[in-house]
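Chemist: Here's the letter readout for the chains.
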Amino acid sequence: MSARDTSEAPSAPRSAGAPAVRTVLTPRTVGGAALLGLLAGIFSGLLGVGGGLIMVPGMVLAMRTRQHVAHATSLAAIVPTAVAGVLAFGKASAVDWKVGLVLAAGSIPGARVGAMAMKRIPAARLRMVFGVFVIAVGVVLLVVK
Amino acid sequence: MSVSTILIALALGIATGVVSGLLGVGGGIFMVPGMVLFLGMSQHTAEGTSLLVIIPTAVVGAFTHWRNGYVLLLGAAILGGFGIAGAVIGSHIALSVSSHTLRLLFVAYLMVMGVRMVIPERAAAKRAANGDA
Numbered sequence: 002m003s004a005r006d007t008s009e010a011p012s013a014p015r016s017a018g019a020p021a022v023r024t025v026l027t028p029r030t031v032g033g034a035a036l037l038g039l040l041a042g043i044f045s046g047l048l049g050v051g052g053g054l055i056m057v058p059g060m061v062l063a064m065r066t067r068q069h070v071a072h073a074t075s076l077a078a079i080v081p082t083a084v085a086g087v088l089a090f091g092k093a094s095a096v097d098w099k100v101g102l103v104l105a106a107g108s109i110p111g112a113r114v115g116a117m118a119m120k121r122i123p124a125a126r127l128r129m130v131f132g133v134f135v136i137a138v139g140v141v142l143l144v145v146k
Numbered sequence: 011m012s013v014s015t016i017l018i019a020l021a022l023g024i025a026t027g028v029v030s031g032l033l034g035v036g037g038g039i040f041m042v043p044g045m046v047l048f049l050g051m052s053q054h055t056a057e058g059t060s061l062l063v064i065i066p067t068a069v070v071g072a073f074t075h076w077r078n079g080y081v082l083l084l085g086a087a088i089l090g091g092f093g094i095a096g097a098v099i100g101s102h103i104a105l106s107v108s109s110h111t112l113r114l115l116f117v118a119y120l121m122v123m124g125v126r127m128v129i130p131e132r133a134a135a136k137r138a139a140n141g142d143a
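Residue numbers (our numbering), protein chains in the order written: chain A, 2 to 146; chain B, 11 to 143.
It should be emphasised that the hints constitute simulated quantities derived from the structure, not laboratory data. It should be emphasised that the depicted structure is a prediction, and the values quoted were computed from it without experimental measurement. A hint or two may mislead.
Here are the computed distance ranges between Cβ atoms for each label pair [stated by the list, open to error]:
hint, chain 1, residue 1, chain 2, residue 2, range
1, A, G32, B, H102, 32 to 38 Å
2, B, I129, A, A118, 52 to 58 Å
3, B, L83, A, V141, 21 to 27 Å
4, B, R126, A, A35, 17 to 23 Å
5, A, P28, B, T15, 25 to 31 Å
6, B, S12, A, G32, 35 to 41 Å
7, B, S14, A, G32, 28 to 34 Å
8, A, R65, B, A87, 15 to 21 Å
Computed footprint of chain A on chain B; a stretch qualifies when at least three of its residues, placed anywhere within it, have a C-beta under 8 Å from a C-beta of chain A [unchecked claim]:
hint, region
9, 27-37
10, 47-60
A virtual CB, placed ideally from N, CA and C, is assigned to each residue, including glycine.
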């Protein structure tokens, strides 16, 4: 398992002056993006997540977006999606503003650190660890009442 | 709010933020279970609060990525525009089902996504080993 992981080598660290955006927008990818956005939005509103777990693989696999660009673009698309979701949950009084404030106090500096680290940390290994974590959380949620 | 609640929420927030910025996700996959399991919140309130926290977190992460030249702005606009429509549909469904049903849906989502994230790496490695395109 660990030996195989190295077959997907992380892209070489890139100097700050060399952005890697490749234009992938054609009528076909625009249609694909619209569908992907709609799907991610449904998951976002339904489950209270950003929808990045839908958008990132979708962009990488179906639209051939570069890995790093897909992660970054996903995060930008999450902003308007989450706003729409919060409005709906807020109207139903299903938002704890106090807990949200404390969470955000930690997550905002965290996001800065994570985003700066993305350039350097191999995405493949992190995704693997994250995948295992996701399954573990699912199991815990199933078992714990 | 008790001190322990604040400390747990702060730690959860930091972990969420790092994962969010690093992987380009909202981090709800951390926050929602964290709030339900450690803070004893209902599934609905945890989801609504998660969406609230995601907004400033994603703004900071996306801005940093944009400065580094990684954001496809037009792509993000299309995804986000249709994401709004999807979120309206999704949150409408979420608010009309029970907390228990919602929790089961979340677990199913975690399972599928977790397996998908682990398996594709192996499939890709296998294809590469076999010399398939």
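Chemist: Taking 8 Å as the C-beta cutoff, is the stated coverage of the region 27-37 of chain B by chain A satisfied by three or more residues?
Modeler: holds (count 11)
Chemist: Can you confirm whether chain A covers the region 47-60 of chain B, using C-beta to C-beta distances below 8 Å and requiring at least three such residues?
Modeler: holds (count 11)
Chemist: When you take the CB atoms of B/I129 and A/A118, is the distance between them in 52 to 58 Å?
Modeler: 25 Å, violated
Chemist: Is it true that the C-beta distance of B/S12 to A/G32 lies inside 35 to 41 Å, as the hint says?
Modeler: 50 Å, violated
Chemist: Take a look at whether the Cβ-Cβ distance between B/R126 and A/A35 falls inside 17 to 23 Å.
Modeler: Holds, at about 22 Å.
Chemist: Regarding A/P28 and B/T15, is the given constraint of 25 to 31 Å on their beta-carbon distance met?
Modeler: At roughly 50 Å between Cβ atoms, B/T15 and A/P28 fall outside 25 to 31 Å, so the hint is violated.
Chemist: Note whether the CB distance of A/G32 and B/H102 lies within 32 to 38 Å or breaks it.
Modeler: At roughly 24 Å between Cβ atoms, B/H102 and A/G32 fall outside 32 to 38 Å, so the hint is violated.
Chemist: Could you check the hint for me, namely that B/S14 and A/G32 are 28 to 34 Å apart, CB to CB?
Modeler: 49 Å, violated
Chemist: Starting from the range 21 to 27 Å, see whether the pair B/L83 and A/V141 falls in it by beta-carbon distance.
Modeler: 38 Å, violated
Chemist: Take a look at whether the Cβ-Cβ distance between A/R65 and B/A87 falls inside 15 to 21 Å.
Modeler: Given about 19 Å between the Cβ atoms, the range holds.
Of the numbered hints given earlier, the model fails hints 1, 2, 3, 5, 6 and 7; all others are met.
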